[in-house]
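Colleague: The chain contents come next:
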Amino acid sequence: MGHAQTANPIDAMGVAARAAFVLAPLGLFVLVSWVLATKTLPVDLAWSWIPSLDIEWRFRIDGLGALMLLMITGIGTAVFVYAGGYLAGDPNQRRLFWMLVLFMVAMVGCVTADDLFVLFLFWEATSLTSFMLVGYSHARAESRKAAQQALMVTGTGGLALLAGFIVLAQATGTTRISDIVEIVPTLGETPALTTALGLLLVGAFTKSAQFPFHFWLPNAMAAPTPVSAYLHSATMVKLGVFLLARLDPAFGEWPSWEWTLKVVGSVTAAWGMVLALRERDLKRILAWSTVATLGTLVMLVGMRGEGAAIAVGALLLAHGLYKAPLFFVAGNIDHGTGTRVIDRLGDLRRQMPWTAAAALLAGASMAGMPLSFGFIVKDVILEAKTAVDVFTFAKAANTVFGSIAVAVAGVAAIRVFWLHPGENQRVEAHECGPALVGPPLLLALLGITLGLFPFYVQDLIALAGVAMIPGTEVPVLSLSLAPGPVLGSLAVTLAIGVVIYLLWDPLHQRFERIAARTGRIGMASQYERSLTWIPTFAAAVTRRVQDGRLPVYVGLVAASAAAAIVVAIAHLVASGAATWAAIEWPGLGFAGAAALVIAGALVAPFVRDRLVLLLAVGLVGFGSALLFVFAGAPDVAWTQFAVETVFVIVVAAVLLGLKRLGRGMGIAEPRFRPLALGVSVVLGAAVAALLMIATAGPFDMSLPDWFGRTSVPEAHGRNVVNVILVDFRALDTLGEIAVVMLSLMAALPLVAALRRRRAPAGDAR
Amino acid sequence: MNPRLVILDVVARPLYVVILLASLVVLLRGHNEPGGGFIAGLVAVSASVLWALAHGPAAAEARLPFRSPLILSAVGVALGAIAGLPALLLGDAFLTHLWGAIPLGFTEIEVSTVLVFDVGVYLCVWGALAGYALSLLEADLEAPAKDSPEARR
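Chains D and B are the protein sequences, given in the same order. Going by the working numbering, the letters in the first sequence line up with residues 1 to 765, in that order. Going by the working numbering, the letters in the second sequence line up with residues 1 to 153, in that order.
In case anyone wonders, no lab produced these hints; they're calculated from the structure. Even for Gly, the Cβ is constructed at its ideal location relative to N, Cα and C. Among the clues, some could well be false.
[Said to hold, decoys possible] Part of the chain B face toward chain D, derived, beta carbon under 8 Å:
#1 Pro34
#2 His55
#3 Val114
Could you put together the complete structure from these sequences and hints?
Modeller: And the structure:
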């Protein structure tokens, strides 16, 4: 990485341009603050979008949305400032800023959407923009792979989410989220809702990197630091938690909801923290601790009671306020020393005093030290847990989580800044410019300030709680330093945390050995395997189904059609719904036409001469046209005549041109093909049976009657078929002729390519 | 190349005109009698194919309106869409058809957006299917000229 060593490198983007971009999140932040100050929540906005499906652009800012909005825009402002400094001089910086703006808009849409499908739209937009952001350094293979992985995992989850939304909308009869959360509790656990819940959970878990979809998040650290700080502290990965919190009032009373969230959240929290020990890269260590925090959040959403709802809001805020600065710190270390590997770092406080200060403040909040907002959150979480009956595993996971959080904070804030790196080499280091030091310091200081004066945010957090559990009271967030359960538990986690911190290196080696053995069955390698397996499988299927021989294509289509019809008929017969039409003797004309068809069909398989074959097939076509004449459908008959004529002429001309007609030019196919005979007999019998069943029932005449009645008075035409084509269903016809033209447009280059390929090589055939 | 069939050559010119006139009749009577744009388009295609057999696909293409099957069918689609526009000006839904009559004293001519639409269908089908038929004929007729047994000898 060739970072410029001067404090003021030559900018590809001017300072003014960067400042203009910073105005985007800052302006939104001011706007959100203004809304919060002047309006009573929730604030609703709506525009009509697809009225026939009852889908509207509905937006609602409630407490939870407002909390997320403040983080998205507030931390966003810090990220934009930081990105301006971090990537100064990068020729693609402008693109990064635009992607960040788009991502921010998508996030804002997600947290304010009050319609399932509007939410889904923005949800997918965050997946796509984060793909672009994670893959920002697209020249590096590692970063392309990470971006692809993030997109595949969250994109697959997005599909599950869409399916879940559709089922949910069908089950509740509305797409409006604020209505759904009121309707669902009145419906009880129906199979449809359970299905919807399962799909929604997959969507939320992939987005928030919950076990077993946790593996993509640390890999996404290939993104530039400002992107990691934004996506993986305050915004995108919180979306899954946000969605769960949104739906908490709907499903909160279900035991399956409660237990799934508690178990998955706890496992993710514990596992994420353990995996953090495996890493040597500061950013990846922070990424795993983010996974763990997301697990804790999911667990808290799953827990009942107001205390848990308050704890979700508080932890969302606290995590944003300490994780973003810690990511910035990791970025600054990378910027100042050229490495993020903790073995090669140490004693940086002299060269990077301001970064060290920011790391210390943010680390204190992460470790839950007294006087920080992290401490308040610990207090709230502990209260939530003592208030309700808690799964023992969750309690244990939380202790593990807390201890390792202390250790991670120690590594990020103390080890690299205060300790000597031992026998490892020391690296050159320098402090970064104000754009890189300001944002982490400011956010970390905010985390401490809120720790000292928590009542500034207690109303906001209470409003977030109200959004999850209506009627939540405003908690008194206080800085209590009195000896009590909180300090006691803090002492325990602190003690364990310090031990883990001191034993970091031996623990790391132990885990590396275990991981080397379990890596093959881990989720990351399952993902890799599926990536290679999918194209292999697709290629095998394609080779089997599309082998380039026309008889095989026709056979496959005919066989699957026959199978589908036979299954349908078997169903009808089994259910007793099938009645068979009585056999009537046809009139003379009808019988004659049918005889032509049958004669043509019987002759065709036995002739070898192509011209005779063509005429036999033509006989089938003209026979069917005659059938239409006697069945009272002159228009269809006429069309059939015209099509048959053109078909026979063109094919005959082509065959003549190819010199494929005449003596000794017969088809070299075996005369008897049992499989083909079987398929055609079954298909013919199945279609005949289907027609007999279909024509047995009473014919619904309402539509034909209506067309017959209205054709002349409303459409001034006596030919009902044509009136339907050009008037009643004119839009369909317009679409069809457009398709006909487009197909020609697609076919012309193909034919031209065929001619080009033949032209130079005279013996292509 | 195949020796030209003299009879085909001679009758192609009058037949071409007759078939196209017939297709126009089919098109215009379509609203009240069997017929319509789609069938009329197919009839017109057979005229083009006839010309291609007599004088070669390139000559048949040159005789098409606009001298290009793709443009012909595109014009057809455009006419179909245009036919729906007047209704929009009156505040009705797209493709709501309008009728009017031009009095000529002794009789009157009925005009309607339906006719415009049906002409669009006619041109689109003619262009597209003639495009398919002519390009296939062209591709397959020119290739054996080079590698047919006579050419190799």
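Colleague: State for each hint whether it applies.
Modeller: Right, here's what the structure says about each hint:
1. For Pro34(B), the interface hint holds, since its Cβ comes within 8 Å of a Cβ in chain D; the closest pair sits about 4 Å apart.
2. With a cut of 8 Å, the hint placing His55(B) at the interface with chain D is violated, because the nearest CB-to-CB distance is about 13 Å.
3. With its C-beta approaching chain D no nearer than about 5 Å, Val114(B) sits inside the 8 Å limit, and its interface hint holds.
Violation of the numbered hints given earlier is confined to hint 2; every other hint is satisfied by the structure.
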